[in-house]
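*Asks:* Protein chains in written order, with this note's numbering: chain A, 1 to 331; chain B, 1 to 331.
Repeated chains share a single entry, so a pair holds when one copy, or any two copies, can fit it.
In silico SDA-like cross-links for lysine to any residue, where the CA-CA straight-line distance does not exceed 20 Å: (1) 161 / 221; (2) 276 / 125; (3) 276 / 288; (4) 276 / 307; (5) 276 / 286; (6) 276 / 318; (7) 276 / 320; (8) 276 / 297; (9) 276 / 292; (10) 161 / 264; (11) 210 / 222; (12) 161 / 222; (13) 276 / 295; (14) 276 / 306; (15) 161 / 231; (16) 276 / 299; (17) 276 / 316; (18) 161 / 225; (19) 276 / 312; (20) 276 / 308; (21) 244 / 231.
It is worth saying that the hints were derived from the structure and are not from the lab. Keep in mind the model is a prediction, meaning the values are calculated, not measured.
2 protein chains.
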Amino acid sequence: MADPKTESLIERMLAGDRLALARLITQVENRTDAVPAIMRAVYPRAHGAYVAGVTGPPGAGKSTVVDRLTALLRAEDQTVGVVAVDPSSPFTGGAVLGDRIRMQAHALDAGVFIRSMATRGSLGGLARATGDVIKLLAAAGYAWVLIETVGVGQTELDIMKLADTTVVVLVPESGDAIQTMKAGLMEAADVFLVNKADRPGAPALMAELKFAAHLHYTSAASPKDIDWEIPVLSAEAQNNVGVKELLAEIRRHRATLEAAGALAARRRARRGEELKSLLLDEFRAALETRLASGELAQACQEVMDGHLDPYSAAREALALLGLRARPGAQP
Amino acid sequence: MADPKTESLIERMLAGDRLALARLITQVENRTDAVPAIMRAVYPRAHGAYVAGVTGPPGAGKSTVVDRLTALLRAEDQTVGVVAVDPSSPFTGGAVLGDRIRMQAHALDAGVFIRSMATRGSLGGLARATGDVIKLLAAAGYAWVLIETVGVGQTELDIMKLADTTVVVLVPESGDAIQTMKAGLMEAADVFLVNKADRPGAPALMAELKFAAHLHYTSAASPKDIDWEIPVLSAEAQNNVGVKELLAEIRRHRATLEAAGALAARRRARRGEELKSLLLDEFRAALETRLASGELAQACQEVMDGHLDPYSAAREALALLGLRARPGAQP
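Chain A on its own, in the form it takes in the complex (with noise of 0.2 Å):
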């Protein structure tokens, strides 16, 4: 399967070695020839961790809250893997990397596993990537898995779909941006989690939040396959008070999840998608090929042209490809 070199890092990674995981992590991050193989050669030791999203708009304090989190499952002495995210996108933040030096508490603890990813311009690949590192932290042994990022667009919704639990930060800050936006919040949110909550307009916030994830519960847009209102918790993750009250939460999502059958069915489904989005991803490799310079391009070029628009281009371009799905349908 895998060249011998990677066949030795991956049984010295599944052997417990961190830095022949750190080194799989990178290929996976680069996207390397290898990582077909690694992926096969983990995949049937992928599945033990229980991943735990945390995502809010910057300066929300979702590193800190991260670490303290950290910090209560080494003292339960349960293993950790780290991913923070940073998509780097344009009216985001993206000192993700920066907020790391705070995690050196653990540095030199070898139950904690920590690693910061950045998109190097391709903001689809990023969701697969980390989705592949979660895979081999969960093949290593790592029972949690923690990703932290700055919550902001499509790319970091998709991150948060590889969570079991998301929970949402907030703070008072917050308030005005979020006003608008709660519909997708409670899309993306198991629990939520307002930080900084000695500030003025917590309450507030706290009120609203509370509010809208009720609405949001009687709502038809609420997932049915678990009874599940979305809590609303207070934090002050700098001085540690709060936390314990979040992983609590996120047990108690994680075994109401479990009871009802939801957390094996959404893996399931989660499965599916990753394989549709790859699927994809190829076709996309494959078309840039032929429109470049195969049976494409003179369609193509006609469309660039301007003679021919796309929407009759794409009718016959999916013909050559063999792929009309039904006779007659429109492109």
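Chain A is already provided as a structure; the job is to place chain B on it using the hints.
*Replies:* Showing chain B alone in chain A's frame:
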């Protein structure tokens, strides 16, 4: 081509009937089956408008800027189509529809056509629908199309790619939020506008943006097809201060593009991208069908059950679809 009713709508739209235009836009927005026929019919006349985009964080005053630009263009007897796009994504603002009320000054002006668009759940389709609406407005004879969108994520950037000139509107209050997003901003912006420039912090923000724009200009990331350092303007759009200068800069950008042959080249590349994205969407639809019940259903089940890793399944599936670009290439 199109059914007789749509055919008649298209004819009336091309003859200047605003109601027919509105109905065709609704078809495009709802992605009905008639869209390919509509776009085929209008395509030959759909390339005349100059498209300017206005984006920026919530509360920056984008609607007011668009309103004042429209008034200036109308004073010159230029026709203007306005498309206000609200991706309604989480963590962003979504008050564009409400802001439309301000545009009521132009409601009775036959030389202005205003339309708001929202996602209705499918972010991916929004950029395509916006692109098609721009073509409809161009075919209906509008000389200028102004696109306004709350700029925060990938979708908004995709929408801004439809513009020939993109104006990024910022306010002193957005200072913190933009600290870390400069690279992305520089890629999106052709002109910076610091609005509400009477507020404290405006001169500092302008100085900062000018410095960043100059760094970008001298960097490898700066576009190579034109010689353009992103100008930084100030405005109080509410008081009609600085909008004339903004329009002048938009026109200077247009003239620079035209003189370098870059306007035609960029529109050409944009049409190629449009075809590619259309083909990807079609493949996605074909894939859904085949994964659910077609020849890929079994592999999909095995992946969902966790018995087969997605990379191996993708390799198998692509072979079945006859889509392996090169034998032996890694999925």
